[in-house]
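The task is simple: from the sequences and hints, build the whole structure.
From first to last, the protein sequence lines are chains A and B.
Basically the working numbering = 1-based index in the first sequence + 9.
Basically the working numbering = 1-based index in the second sequence + 60.
These are computed hints drawn from the structure, not numbers from a lab.
Among the hints, erroneous ones may be present.
With a cut-off of at most 20 Å between alpha-carbon atoms, the simulated EDC-like pairs for lysine to aspartate or glutamate come out as follows [to be verified]:
| no. | chain 1 | residue 1 | chain 2 | residue 2 |
| --- | --- | --- | --- | --- |
| 1 | A | Lys60 | A | Glu334 |
| 2 | A | Lys95 | A | Asp122 |
| 3 | A | Lys95 | B | Glu110 |
| 4 | A | Lys360 | A | Glu117 |
| 5 | A | Lys428 | A | Asp245 |
| 6 | A | Lys444 | B | Glu110 |
| 7 | A | Lys428 | A | Glu236 |
| 8 | A | Lys428 | B | Asp129 |
| 9 | A | Lys360 | A | Asp133 |
| 10 | A | Lys436 | B | Asp129 |
| 11 | A | Lys132 | A | Asp373 |
| 12 | A | Lys436 | A | Glu117 |
Computed from a predicted structure; not experimentally measured.
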Amino acid sequence: MRLRQAAIVSVVVAAVLGTAACSGGSPESTDSAGGGVTELTFWSWVPGVDKAVDLWNSENPDIQVNLEATPAGSSGTYAKIYAALKSGNGAPDLSQVEYQELPGFILENGLVDLGPLGMDDVKDTFSDWQISQSTFNDTIYAVPQASGPMGLYYRADIFDSLGIATPTTWDEYAAAAQTIHDANPSQYINTFPPQNSAWFAALAWQAGANWFGLDGDTWTVDIDSAETLKVAEYWDGLREAGLIATIPDFANEWYSELQNGNIVAWPSAQWGGEIIAGNAPDTAGNWRVAPMPQWDATGDFASANWGGSTTAVLNGTPNAEAAAEFAIWLNSDPESINLLVEGGYGWPAAKDALASTALNQPDDFLGGQNANQEVFAESDAAVDVDWGWIPTTAATYTVLNDGFSAAIAGNGTFVDAVKAAQSATIKALEDKGLKARAGQ
Amino acid sequence: MTSTRTRTRLAVFGFLGPFLALFLATIVFPLGYALFQSVTATARSGAFGEGGGTTVFVGLRNYAAALSDPGFVSSLGRVLLFAVVQVPLMIVLATALALMLDAASARGVKLFRSAYFLPYGVPGVIASLLWGFLYTPGISPVIDLGKVFGLQLDFLGAETVLWSIANIVIWQYAGYNMLVIVAQLKSIDRDLFEAAAIDGASSWQVITRIKLPLIAPAIVLTTVFTIIGTLQLFAEPLVLKPLSSAITSSYTPNMAAYNQAFTNNNYSLAAAESVLLALVACAFSFGFLKLIGRRQNA
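Structure below.
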């Protein structure tokens, strides 16, 4: 009975949405159907967001949010939104959008200017650099949600049993890789994920690279800089010495290797802990987090950011105002942040979240370590905030992924992949009808 | 007189109408649109295209871009290599299975026919996921079993993954192709077999002199289907991609076009790549038919 009702409701909702889309998205169509209730469709893949949406819906009977759980953006959701924007219907009112994808959506005129819809008034409550990552041409296009300050996850039990001190530099990290693999040939310190260039970009970011910039209306591309090549050479060295695994991350084989202790560390982001906990639950208590290994032992502590995303309102929605209101609440309300932190969504973009939310507490999975306070707060402060993205970041990642995969298959090196990405990125920008040049 | 002819004409269009409408809407129009897109590009001004994008005619520039992309060109080479191995293997296997089921001494024909055909009912994505588990080290019982016998099996490596994909495709479609051939075998007049038996023909002679010549049309048909299908390889490598570092985003031409359209948002280049793939598939299918035709005429 319940099921049938749900089915009828969903058919009606679909019909209503269809009508709304057909009528060119005039505001009356949704209002008349909902009897004063504004309905918003929200696409997201963030763990825990369902609970935050439930909380909003119970507190705001006038603005009801229908959460649709989608695959991660680059696994198809962005493609779906781009297609919907192009065809003029079918796009949700709001969506999860990662920082690196924002310029791409702006290029397709897909995002609503949120400044006049409330963001101008509250932008000071969000982390400055994440606001600047959401701002293009002095226009705020998204509500910052979370970032991914990096740290080194490692199996303290295995490091201890081998007498390895926590590596503080990348040289020490390479030495640790050697010790681990020598002690047990099926064990590796970590995997170099050939299909996840965002991870490599974060490591280049930490080394001081700055891949993308904007000079007037010309995009600048500096992927093959000395800093990036240094990182590529480092991992080439470990790969050629056979000291790292080269299996894809976020895949069954990797989960299985984490579970059975064949992969013992992961330079990752603050949200990485939940990934390990969820996929290798039996290793609970054995993991710890250390600050990122450094390139320069004597210089200022340098960290980086991996991942992170926003809530953006998509062009074509008849309810931009309500959508903006929800997006701001979702990412700034302490109760909502608590629910999202519980799900492991990342490092809150709202300022002072460490002091005021569930972020500041020991984690049983990390053997009682309060990594957020001990490691990630400092890491967050040490992120080079000048890093930016381009409208064709996805194309750059694709070329890097293909180059890394080729190197692992025996064709070329990671350095070759970086060099190929430099020229391919300029070409991708020009293919879009944009101006681009090499250099900073 | 005239009214009858008009009425006949009306009837013709009445019967053809539904087909023509669907054909135009789902085949001709999208094809025309893809051709149109493949010769256009978006021109923009400003860093974010604030000036608004305009669609401009660029001639064959997208085709040149596709053919100068080593990733796309090698993807074409890869599916051609795949086809060279896969098509004969598939056809020989399907024909052999069909002949065995049709043999007079065969037992349990219905059971085996269903069993061979069953994989076709499994959607390609599901099939690839299932096989993906059997290919993944640490999860696959096959790899564990290999270890027992001292074999280091790597199904997802650069040298092997293409043939692991071939295995999935054969598992899925051999039964289907077999069924097409079985249908033709069933239509052979049984009197021929009786006559052959009276003349003292062996079962092998019956196969080579009677069955194979008479099922040739079905074999040609399944060959053309297989050629087109292998060139359009898509779902299997896409599903295995997260498991294998050897599968790039442009591993097959269809994946390259998909990547251009839905990751890079470059519909024009995607259209050009699709058209190129269609041309190659046409060339090979018609080339094969022509080859067969010449043989039969000679």
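Exercise. Is Lys60 of chain A close enough to Glu334 of chain A, meaning Cα to Cα at most 20 Å?
Worked result: Holds - the C-alpha atoms of Glu334 of chain A and Lys60 of chain A are around 18 Å apart, at most 20 Å.
Exercise. For the pair supplied as a hint, Lys360 of chain A and Asp133 of chain A, is the alpha-carbon distance within the 20 Å limit?
Worked result: Satisfied, since the Cα-Cα distance of roughly 8 Å is no more than 20 Å.
Exercise. Lys444 of chain A and Glu110 of chain B: Cα distance at most 20 Å?
Worked result: Cα-Cα ~13 Å, so holds.
Problem set entry | Given pair status - Asp129 of chain B, Lys428 of chain A, alpha carbons within 20 Å | 16 Å, holds
Exercise. Holds or violated: are the alpha carbons of Lys428 of chain A and Glu236 of chain A at most 20 Å from each other?
Worked result: 13 Å, holds
Exercise. Does Lys95 of chain A pair with Glu110 of chain B here, judged by a C-alpha cut-off of 20 Å?
Worked result: 16 Å, holds
Exercise. Quick one, are Lys95 of chain A and Asp122 of chain A close enough, alpha carbons at most 20 Å?
Worked result: With Cα atoms ~19 Å apart, Lys95 of chain A and Asp122 of chain A stay inside 20 Å; holds.
For this session: For the pair we were handed, Lys436 of chain A and Asp129 of chain B, check the Cα-Cα distance against 20 Å.
Result: Answer holds: Lys436 of chain A to Asp129 of chain B is near 11 Å, not above 20 Å.
For this session: Mind checking the alpha carbons of Lys428 of chain A and Asp245 of chain A for me, to see if they're no more than 20 Å apart?
Result: 14 Å, holds
For this session: Given the hint that Lys132 of chain A pairs with Asp373 of chain A, test it: the Cα-Cα distance must not exceed 20 Å.
Result: 34 Å, violated
Problem set entry | 20 Å limit on alpha-carbon distance, applied to hinted pair Lys360 of chain A and Glu117 of chain A | Given pair Lys360 of chain A, Glu117 of chain A is violated - Cα atoms ~31 Å apart, limit 20 Å.
Problem set entry | Hint consistency between Lys436 of chain A and Glu117 of chain A [alpha-carbon to alpha-carbon, up to 20 Å] | 18 Å, holds
In summary, the numbered hints that this structure violates are 4, 11.
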